[in-house]
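There are 2 protein chains.
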Amino acid sequence: MVLYNSAVSGNCYKVRLLLAHLGVEYETVDVSVSDRSGRKELLGELNPALRVPTLVLDDGRPLGESNAILWYFADGTQYLSDDAYERARTLQWMFFEQYSHEPYVAVVRFWLRYSGTPERFTDLVPEKTKGGYLALDALGRGLDDRMFLVGERYSIADISLYAYTHVAHEGGFDLEPYPAICAWLERVANQHGHVTIDA
Amino acid sequence: MVLYNSAVSGNCYKVRLLLAHLGVEYETVDVSVSDRSGRKELLGELNPALRVPTLVLDDGRPLGESNAILWYFADGTQYLSDDAYERARTLQWMFFEQYSHEPYVAVVRFWLRYSGTPERFTDLVPEKTKGGYLALDALGRGLDDRMFLVGERYSIADISLYAYTHVAHEGGFDLEPYPAICAWLERVANQHGHVTIDA
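Quick note, the sequences are listed as chains P and Z, same order. For the first sequence, this note's numbering begins at 28 and goes up steadily by one. For the second sequence, this note's numbering begins at 28 and goes up steadily by one.
Only chain P is shown next, with the shape it has when bound in the complex (with noise of 0.2 angstroms):
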C-alpha cells in the first residue's frame, strides 16, 4: 500500500494515525504541499482533486480524501460505532471538520508556518483566524460535558479534528480560552498507539 504524503499536513497525519492504531503497513511517498507543480502527473489517474493523502490500496484501487481514507479503514474496528445514528454523527463531525475548521484553522497555519511567504497572506489572516475561532466555539460546544465527540468512544471523529487542532497554535490560535478541547486534545494523546504528527 502507498500513501502519496506530506509530512507537515495534518490531513495525511489522520491517515498515518488510525494506521498506526491499526498496526497496518504501508509505504510512502512524499509530496511537496509548497510546490504543487507536477501533481497532474504524480496524482492524476489516482485522484481528480490532485491532493494528499492519496492511498493506492493493495490491489491498486485508489482512494483520496482524508475522511474517505479514515472511514475505509476504521469500518468494522473500534475506531468507528457500529450504531447507524453514532455513525451519522461520527460523518458529521468530519464535514464539519473539512468545511467549517481546516479551511480556516489550517490554512493559517500553513499561511504562516509553512507557506515560505508568509508575507504575502498578511491582509487575509485576520478573517480566517475569525473563522478558525467559531469553529473552535462549535468544537467547544460539542465537547461540553464529553469525553470524546461521538459516543463517548474514541473514534476516526476525533482524529479527523485532532489532526489540526492541535497544531492550531502553528497559526496563532490560543486555546486557553477552550478548557474542555484542551482537556481532550490530552485524551488524544493518551490513546494506545498513538503517534506524533512528526513521528
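Be careful, since some hints might not be right.
DSBU-like, lysine-lysine: derived pairs with alpha carbons at most 30 angstroms apart [what the hints assert, rightly or not]: (1) 67/P / 67/Z; (2) 155/P / 67/Z; (3) 157/P / 157/Z; (4) 155/Z / 155/P; (5) 157/Z / 67/P; (6) 155/Z / 157/P; (7) 157/Z / 155/P; (8) 157/P / 67/Z; (9) 67/P / 155/P; (10) 155/Z / 67/Z.
Sample of chain Z residues with no beta-carbon within 12 angstroms of chain P, all distances over it, derived [as the list claims (entries may be wrong)]: (11) 30; (12) 49; (13) 53; (14) 56; (15) 57; (16) 64; (17) 72; (18) 77; (19) 97; (20) 126; (21) 140; (22) 174.
No wet-lab data here; the hints were simulated from the structure. What you are looking at is a predicted structure, and each value in this text was computed from that prediction instead of being measured. Every residue, glycine too, gets a C-beta built ideally from N, C-alpha and C.
Starting from the structure of chain P, add chain Z where the hints point.
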C-alpha cells in the same frame, strides 16, 4: 421529522431530493441564509455548527451536515453501495464536494444571486470563480466515460454533486466546456422520483 431548511440552499436541496426518492415524509422550518441573526437560539441545541440543513429525527435526535444526513438515510437503500471500496469512493466525492466544490461554486452563486448585496463581493468573485472551475475540471475528469460517479449507479455521490452543479450558471459558470458534466446532469434529472430545487 423536522428539516431546518432553506429553499435556495443546495445543501438543503440534497436532503429534500433524497427524501423524495425514498418517499420519506417530514415537516420544514424555513431558515434565512442571508440574515443569520437568531441562529444560536434556533439551532444552538441541535447543531454546534449552527447551519442548515439540520434535521431532527422522529425521536428528537438531531443530525447536521447535508452529506451526513444523506448517508444516514441512504444506507441500506439503492442510493448507497454495500461494497466497502465503493462506499469509501462515495465519501471521497462528498468530501470533495464540501471542500473543493461548494466553497467556490455555491459561494459565488450565493454572492451574485441571493446575498442581496452582490456589489460587496465584486473583488472576491474572480478568485472564487477560478476555484470553481478547478472543481468542475475535477468533476469532469471523474465523469469521463462514466454514467455516474461511483459504481455506474446513481447514488448519494451524484445527489451531493448535482445540488450546486446544476445551478452553477446562477454564479456565472459556463458548463458548455464540460460535455460529460452536462450529460450527467440530464441523467440525474431523469431519475425516477426526481424533484427540482424549487419544487
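Structure-based check of each hint:
| no. | hint | in the structure |
| --- | --- | --- |
| 1 | 67/P / 67/Z | violated (43 angstroms) |
| 2 | 155/P / 67/Z | holds (21 angstroms) |
| 3 | 157/P / 157/Z | holds (24 angstroms) |
| 4 | 155/Z / 155/P | holds (15 angstroms) |
| 5 | 157/Z / 67/P | holds (17 angstroms) |
| 6 | 155/Z / 157/P | holds (19 angstroms) |
| 7 | 157/Z / 155/P | holds (19 angstroms) |
| 8 | 157/P / 67/Z | holds (17 angstroms) |
| 9 | 67/P / 155/P | holds (28 angstroms) |
| 10 | 155/Z / 67/Z | holds (28 angstroms) |
| 11 | 30 | holds (15 angstroms) |
| 12 | 49 | holds (15 angstroms) |
| 13 | 53 | holds (16 angstroms) |
| 14 | 56 | holds (19 angstroms) |
| 15 | 57 | holds (22 angstroms) |
| 16 | 64 | holds (15 angstroms) |
| 17 | 72 | violated (10 angstroms) |
| 18 | 77 | violated (7 angstroms) |
| 19 | 97 | violated (9 angstroms) |
| 20 | 126 | violated (5 angstroms) |
| 21 | 140 | holds (21 angstroms) |
| 22 | 174 | holds (16 angstroms) |
When each numbered hint is compared with the structure, violations occur for hints 1, 17, 18, 19 and 20.
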